[in-house]
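Assemble the whole structure, with the sequences as input and the hints as a guide.
If you read the sequences in order, they're chains A and B. Residue numbers are given in the numbering used here: position 166 of the first sequence equals residue 176, and the series is strictly consecutive. Residue numbers are given in the numbering used here: position 131 of the second sequence equals residue 132, and the series is strictly consecutive.
It cannot be assumed that every hint is accurate.
[As the list claims (entries may be wrong)] If you want the footprint, here are the derived chain A segments under chain B, 3+ residues with CB under 8 Å:
1) 21–27
2) 55–61
3) 69–80
4) 282–295
Everything labelled a hint here was simulated from the structure, so no lab data went into it. Where is the CB? At the ideal position from N, CA and C, for every residue including glycine.
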Amino acid sequence: MNLLHDAGPTLDLKEFRLLRDFVNRFCGIYFADDSAYVMERRLRERLRQLGIEDFAEYYRYLQYHPKADAELEAAAEVLTTNETYFFREAYQLRAFTDEILPVVRGRALARGSKRLDVWSAGCSSGEEVYTIAMLIDATGLFEGWDIRVFGNDISRRVLQKARGATYSTASFRAMIPDYERYFIDTDEGRQVHPRIRAMCHFGHLNLMNQRRAAIVGHVDVTFCRNVLIYFDDASRRKVLDTIYERLNRGGYLLLGHSESLLQSSTAFEIAQLSTDIVYRRPIPYTELPPRGT
Amino acid sequence: MTGDRLEHALHSADPDVRRQAVHRMSLRPQGTPLTQILEALSDADWRVRREAISLAAQTREKDALIDALLTRVVETDNIGLRNAAIEVLGVVAQGKADKFVEACHAAGDGVRKFLVEAMGKTQDPQMIDHLEVLIRGSDANVAAAAVEALVCIGGTRAEGLLQSQLSTPHLFLRVSIVEGLTRLGTRVPWEDLKPAVEDAIVRRISAELLGRTGEPEALEFLLGLAVDPSPQTSAAALRAIAELAEQVDTHRPELIDRLSASNESFRHALHEALLHGDTATRRGAAYLAVLCRDETSLEAVLQTVADDVANPETVEAIRGWGPALIEPLLLLRRGEPRVWALSLELAAELSCRHLDAVPAGTRDRIRSLIERDLTDVTDAVRAAAAESLRWWGDPRDCRALVECLSSSSHLVRAAATSALEALAKRVPAMVEEALERADLDGPGGADIAHVLSRLDSDGAIEVLKRGLHSRDPRTRRAAVQALAMANATDVAQLIGYAVADEDIDVQIAAVRTLGQMSTEEANGPLSTALDSPFPPIRAEAALALGRRVASDAVPRIRALLEDEEPVVIAAALDALAWLGDSEVSAAVERALSHSDDEVFQAGLRAAHTLSVRDAERFVCRGLEHSAWNVRMLAIKLLLDLDTEHTRALLTNALSIENDSMVRHAIEIGLLGE
Chain A
11 MNLLHDAGPT
21 LDLKEFRLLR
31 DFVNRFCGIY
41 FADDSAYVME
51 RRLRERLRQL
61 GIEDFAEYYR
71 YLQYHPKADA
81 ELEAAAEVLT
91 TNETYFFREA
101 YQLRAFTDEI
111 LPVVRGRALA
121 RGSKRLDVWS
131 AGCSSGEEVY
141 TIAMLIDATG
151 LFEGWDIRVF
161 GNDISRRVLQ
171 KARGATYSTA
181 SFRAMIPDYE
191 RYFIDTDEGR
201 QVHPRIRAMC
211 HFGHLNLMNQ
221 RRAAIVGHVD
231 VTFCRNVLIY
241 FDDASRRKVL
251 DTIYERLNRG
261 GYLLLGHSES
271 LLQSSTAFEI
281 AQLSTDIVYR
291 RPIPYTELPP
301 RGT
Chain B
2 MTGDRLEHAL
12 HSADPDVRRQ
22 AVHRMSLRPQ
32 GTPLTQILEA
42 LSDADWRVRR
52 EAISLAAQTR
62 EKDALIDALL
72 TRVVETDNIG
82 LRNAAIEVLG
92 VVAQGKADKF
102 VEACHAAGDG
112 VRKFLVEAMG
122 KTQDPQMIDH
132 LEVLIRGSDA
142 NVAAAAVEAL
152 VCIGGTRAEG
162 LLQSQLSTPH
172 LFLRVSIVEG
182 LTRLGTRVPW
192 EDLKPAVEDA
202 IVRRISAELL
212 GRTGEPEALE
222 FLLGLAVDPS
232 PQTSAAALRA
242 IAELAEQVDT
252 HRPELIDRLS
262 ASNESFRHAL
272 HEALLHGDTA
282 TRRGAAYLAV
292 LCRDETSLEA
302 VLQTVADDVA
312 NPETVEAIRG
322 WGPALIEPLL
332 LLRRGEPRVW
342 ALSLELAAEL
352 SCRHLDAVPA
362 GTRDRIRSLI
372 ERDLTDVTDA
382 VRAAAAESLR
392 WWGDPRDCRA
402 LVECLSSSSH
412 LVRAAATSAL
422 EALAKRVPAM
432 VEEALERADL
442 DGPGGADIAH
452 VLSRLDSDGA
462 IEVLKRGLHS
472 RDPRTRRAAV
482 QALAMANATD
492 VAQLIGYAVA
502 DEDIDVQIAA
512 VRTLGQMSTE
522 EANGPLSTAL
532 DSPFPPIRAE
542 AALALGRRVA
552 SDAVPRIRAL
562 LEDEEPVVIA
572 AALDALAWLG
582 DSEVSAAVER
592 ALSHSDDEVF
602 QAGLRAAHTL
612 SVRDAERFVC
622 RGLEHSAWNV
632 RMLAIKLLLD
642 LDTEHTRALL
652 TNALSIENDS
662 MVRHAIEIGL
672 LGE
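Here you go:
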């Protein structure tokens, strides 16, 4: 995409709405009318690659071409926003390490398990996944445990970067000095330590695909931060249903600081922590400990 | 789950069991008794109440429910129930303004505001008359609630009423109105807003409204807010100044002068916003930093461009900075690669556009930087260097650019293609020579074909013909398209072979290319393509034959009306309409009963080619279609027919149309614009 030259086919309002709704149904991302130019600019490269002359023809391609499914993925790839960095929203991460991890650890031990599963839904280039793994490691609470942090994204390109685990300065804008020890300097940038990488797994997954989300298994904590802000209400509800299904009972959901699910789902309960409000899949009443314990 | 078990679950001690019970009740076809709805609405758990709100919205006893809820809103001390009742009233009480008026009269002072809140939630414009009385009343809490209700209802009348109250002496109310108009996106005229923002408290929350006025005088207020210690206020002011700057066409030079003369505090706020603001704030700040020629923020501005945050106006404003920007750009060499890539490309473009204003030494420096970066390890930088040769390229660059065409990065290849296309206009022979040995089987095969199509030479056409044998289907497809663009003669048969290519995209390109050719020779392969196993090929072939007015093909195209694939049926119908087939009318009738939108639209297009009377009769059916794009097409076709009857149909459609874009199309069309 050439960011300086606004040349190429133009996207009129009608085509914009058709394409916007098509992409929305596929992956949940929603573009408001005033973002039409963003869609136009980002999709032009797809048209060029396909040898397609205008957006009307591109819409037909997405509807009828035998390779339409693959192209829809490619379109979603260029239309997604992939901005992330290590230790984003530190106050929330503090709540995760200080309050959530001890609870899920206790719950796992109570059922005789030493396994912790965390899902970073919409992980982009992987900074959040590695941040979570580093935080878990640094607590010292999980020595000898089987730790699995799974990150998914709809973009294969960012997943490739995530697997490479090598990052430039922009990813370290909120870095916490104590965690520098988890990085190794390389010629290409700073690489996450192999011990942390071994805890992290990545997969290509469209959050709107509820059936395929079963790959994630059942997890103790889900991070879905600054992902649903790009979705419309209906898609948001659908993704929240998936997250609910994938969470163990009593499992936690952490959204971005500006996000709320009060209007989107009644399935989660609010868990008031000392530094943050998070959501939790309810534990059946009968399994709750007696009051006062 | 049986009714008894649901009833039991509704009284469970476990809130999640109660929540699920209420959810299941909403799925029962027989509905839910009012008492159970009200019980669920008063549950202690918010999740149960939220499910109950959805349940209540489905009730069959609407009037009884409204009465019960109006009573509860004013009588209950249960905040959860009251809020739930307000939400339900918002969903079910449209057209019940009288009931609200009655309830308001009967309610005590402290609780009337809750009824007003519910009135707003209905979004029913009929409520506005009563809200007008309340906003002018003596109870400040009720008046503020009326403001909020008007904001919920929205629309021209509500906005007008709010604007008329901007001069209210009650500060609390003025603040509510300003916040409300801000959320509504209202453009308040400067003369109405100015008196309200004289007050410092109101001014702090008025940034967006000030920005929307388009009035240069508003700038001074906004510059004051931009240096406010609160980051939120400062960010809102910067975004508003950016909006103001975009709107003030004739006064923009003065506004830029004023911004350029701004003080250090403003520059600091701008820089902070660029680095740490949210997306909208960074976008606005980038535009302003460019307008006021803030060199210290240049790197941060280009970072917003690299992050795809900056809008097109900012990029244009960067260009408008002119040759004075070149040296600062070249200083960014050691920055982030994407930022340097943008800097290099801009410096190359500006130095070429302002050739006379740029010293020879600077031009030489740019030229050598381009040459160096053409082999950079970073794709973005290499692409920028190649793109820069659109401006600075000369014959000696042809070979280096052709080498770029074998890059695995499509970014680099696209840039090199664009530079070679520019060179092809100036030195076609040199480009042709450089491309002679180019690898058509490499990753850049398709790009090479594209450049060759611009050369208009026999040699290039021979190379393109070679491209038809490439191992890479992208190259074969590009060669097919390029041969058409290059106006090659006597190639219909060669392109006809491509209809039998093993790759579907090559086949589609071949069918389309044949459709554009004037020679009769193209009809043979196109007719063959009507039997393709791939629906898009059958569709393209039908369209191509229709465009070529190949009457011999009518019977075979008619057969495609029975195809299983909507895309084929739609194409066949379009083709038959172009061919003036006598059976189009019957085909239209069937298409307008088809469930697929594309077939339906083809039916409308074909109907438009029939007699005016038939066209009116068929096309108007599109106005009732559930898909907005189908209605849009029907409107376009009816406007095109432009008879008394079609105008009456459109006027009627306007009164029931909900989609703003479709409404706009009718309004504009009827006005004859």
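Against the structure, the hints come out as follows:
1. 21–27: holds (count 3)
2. 55–61: It holds, with 5 qualifying residues against the three required.
3. 69–80: Coverage by chain B holds for the region 69–80 of chain A (6 residues, Cβ < 8 Å).
4. 282–295: With 3 residues close enough to chain B, the hint holds.
Against the hints set out earlier in the document, no violation occurs for any number.
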